[in-house]
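Colleague: First to last, the sequence lines map onto chains A and B. If you read the first sequence in numbering that gives the first Met the number 0, its first letter stands for residue 0, the second for the next number, and so on. If you read the second sequence in numbering that gives the first Met the number 0, its first letter stands for residue 0, the second for the next number, and so on.
Everything labelled a hint here was simulated from the structure, so no lab data went into it. Take these hints with a grain of salt, some might be off.
[What the hints assert, rightly or not] Derived DEER-like restraints, expressed as beta-carbon distance ranges:
1. B:K150 / A:P135: 38 to 48 Å
2. A:G166 / B:D13: 51 to 61 Å
3. B:H31 / A:R164: 28 to 38 Å
4. B:E80 / A:V404: 33 to 43 Å
5. B:A95 / A:Q159: 39 to 49 Å
6. B:G22 / A:E21: 52 to 62 Å
7. A:R34 / B:S1: 10 to 20 Å
8. B:G22 / A:R164: 36 to 46 Å
9. A:R34 / B:A95: 36 to 46 Å
10. B:K150 / A:R164: 51 to 61 Å
11. B:E80 / A:Y64: 30 to 40 Å
[To be verified] To list a few chain A residues with every Cβ distance to chain B over 12 Å, as calculated:
12. D140
13. V372
14. H392
15. R401
From a predicted model like this one, the values you see are computed outputs, not experimental measurements. Ideal Cβ positions, reconstructed from N, Cα and C, are used throughout, including at glycine.
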Amino acid sequence: MTLSPAPYAGGVTEAAPFSSAELEHIRAQFPILRRDLYGHPLVYLDSAATAQKPTRVIEAEATFYREANAAVHRGAHTLAGEATELYEDARGTVARFLAVNDDEVIFTSNATEGLNLIAYAIGNASLGRGGAAAAPYALRDGDEIVVTELEHHANLIPWQELAARTGATLRFIPVDDSGAIDVDAATGVIGARTRILAVSHVSNVTGAHSPLDRLVPLARAVGALVVLDACQSAPHLPLRPRELDVDAAVFSGHKLYGPTGIGVLWGRAELLNALPPVLTGGSMITTVTMEGAEYLPAPQRFEPGTPRIAQAIGLAEAIRFVDELGFDRIAATEHELGARLLDGLAEVPGIRVLGAGIDAPRVALASVVVDGVHAHDAGQVLDNVGIAARVGHHCAQPLHRRLGVTASLRVSAGVHTTADEIDQAVAAIAGVRDFFRLTGENA
Amino acid sequence: MSGLEQLYQQIIMDHSKSPHGYGLAEGDVTSHQRNPVCGDEVTLALRWSADGTRVEEVAWEGSGCSISQASASLFATLAAEDADAGNAWTPDDLQAFIDEFREALRSRGQIPLDEERFGDAAALSGVSKFVARVKCAMLAWVAAEDLLTRKAAAG
Chain A
0 MTLSPAPYAG GVTEAAPFSS AELEHIRAQF PILRRDLYGH PLVYLDSAAT
50 AQKPTRVIEA EATFYREANA AVHRGAHTLA GEATELYEDA RGTVARFLAV
100 NDDEVIFTSN ATEGLNLIAY AIGNASLGRG GAAAAPYALR DGDEIVVTEL
150 EHHANLIPWQ ELAARTGATL RFIPVDDSGA IDVDAATGVI GARTRILAVS
200 HVSNVTGAHS PLDRLVPLAR AVGALVVLDA CQSAPHLPLR PRELDVDAAV
250 FSGHKLYGPT GIGVLWGRAE LLNALPPVLT GGSMITTVTM EGAEYLPAPQ
300 RFEPGTPRIA QAIGLAEAIR FVDELGFDRI AATEHELGAR LLDGLAEVPG
350 IRVLGAGIDA PRVALASVVV DGVHAHDAGQ VLDNVGIAAR VGHHCAQPLH
400 RRLGVTASLR VSAGVHTTAD EIDQAVAAIA GVRDFFRLTG ENA
Chain B
0 MSGLEQLYQQ IIMDHSKSPH GYGLAEGDVT SHQRNPVCGD EVTLALRWSA
50 DGTRVEEVAW EGSGCSISQA SASLFATLAA EDADAGNAWT PDDLQAFIDE
100 FREALRSRGQ IPLDEERFGD AAALSGVSKF VARVKCAMLA WVAAEDLLTR
150 KAAAG
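Just chain A, same shape as in the assembly (with noise of 0.2 Å):
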């Protein structure tokens, strides 16, 4: 079992992998990594999960905090002046990172508001609010929301609302049997009813890049919104949201090495200037009466209240990281993590990798099922050692069914995983079935 040879969309990086010295160097900023666990130093393999923290990302909010903490966009002092600068540098930050326009980034408190935000707003324009601008956008019955058989629920339960609240259908591609979207039966799926296509850019249980070179023509082709969930991308290649050709994509922070209650919603300005705001207050309207209100365009237009400053800040501190680090060599140093990692557990007698055979680019993660013992015992064996990765479904139960087990253990690297670190979860995956006394028998 090899990995595809490109590592992102756009083909083979030539940019050389992470030296050992560089590394090591990465390593030296996430403090975390100094901790021990069982008298084994900790070994981080859960960053799909939830990335660890550079000390200049954490130092990023502290200071913010200590120096220069107001309220942004209102007040005239000189704080509130510094504090609103900084804020908004972020979001330009973040509108370079995706290669958009700095208003049309919004942020969220996480990946999952951004697409309820999104849902909410089309349910809202569905009601007959936002007038004229916002009709184009609204469901009705007899419409239909297409998502994938693979998705984390996160796009996948907020569609089931939306199509609920405005009596439109939802629909999905499924997977095949390896664990790949069937792009074949997608053609069967996307139709003239279409109105929206809700897809992940990469799977968060097989790690499997989604076709959308094929799914996204589809959509356009019958006029349907395309919103991309791009939380397991965003940490491992360059997300271009407008050379993908979708109208919205979403991320969070946390993955990013970023803080947590910090995510962002990106959609095309046309859309958002379109859609009726979901959560209302202070912060976003032009002129209030007691009978109404007027709203601001995008991003003040979704993001009432005090929005997350110190977070905001942490975001951008995180992709000035990666940035520095550049895309090109992480994802050389990931691709060949991902190779060591699926090469490694193709010679672990007893074990199956949800979605190995999936010919597609991949991220460096594996999903895997131990026969005969359930995930959760599995990755008690890995905690045991210092190794931490991650038990359950992933919020992605569908998929697991559809794959037909319940639960897996999750591998998923970031920055600063070795090889080593592979190597020892490999050995660690491969002593599962030993612990448990099954070495020999037939699960």
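Starting from the structure of chain A, add chain B where the hints point.
Modeller: Chain B only, in chain A's frame:
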């Protein structure tokens, strides 16, 4: 013993592979409990004496990690052993067991289960050091508590 060996004692491994009390029957009043994080499931029934005052048997079905399944099996075994010894549980006895079990499991290794009272189920003491696994071990006991509450409400 390493922490891992304390968690997965032989008794627990045996019960998870060959569970006791497994199998529900038509007419059983059941409580279904799940751990949404990992999909562990236990559906449990308390089979009462004809006068409804004593637990004669605990029956269950389920799927999931070895801790959740072994805990249900050990719970059923404990009920059966006490019933065989003429000490079938009253609702108060059962509640006392559940309370003690919960207190020990939540003690982060500070309070071991009393072997005199809990028998083989005392092997589950090792779970209390693993905060993320306490919920797995509690599933069957929470199901029993749910049934007790419903029985009390029904009068």
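Colleague: Compare the structure with each hint and give your call.
Modeller: Against the structure, the hints:
no. : hint                        : verdict
1   : B:K150 / A:P135: 38 to 48 Å : violated (57 Å)
2   : A:G166 / B:D13: 51 to 61 Å  : holds (54 Å)
3   : B:H31 / A:R164: 28 to 38 Å  : holds (29 Å)
4   : B:E80 / A:V404: 33 to 43 Å  : holds (35 Å)
5   : B:A95 / A:Q159: 39 to 49 Å  : holds (43 Å)
6   : B:G22 / A:E21: 52 to 62 Å   : holds (59 Å)
7   : A:R34 / B:S1: 10 to 20 Å    : holds (19 Å)
8   : B:G22 / A:R164: 36 to 46 Å  : holds (43 Å)
9   : A:R34 / B:A95: 36 to 46 Å   : holds (40 Å)
10  : B:K150 / A:R164: 51 to 61 Å : violated (40 Å)
11  : B:E80 / A:Y64: 30 to 40 Å   : violated (59 Å)
12  : D140                        : holds (33 Å)
13  : V372                        : violated (8 Å)
14  : H392                        : violated (6 Å)
15  : R401                        : holds (14 Å)
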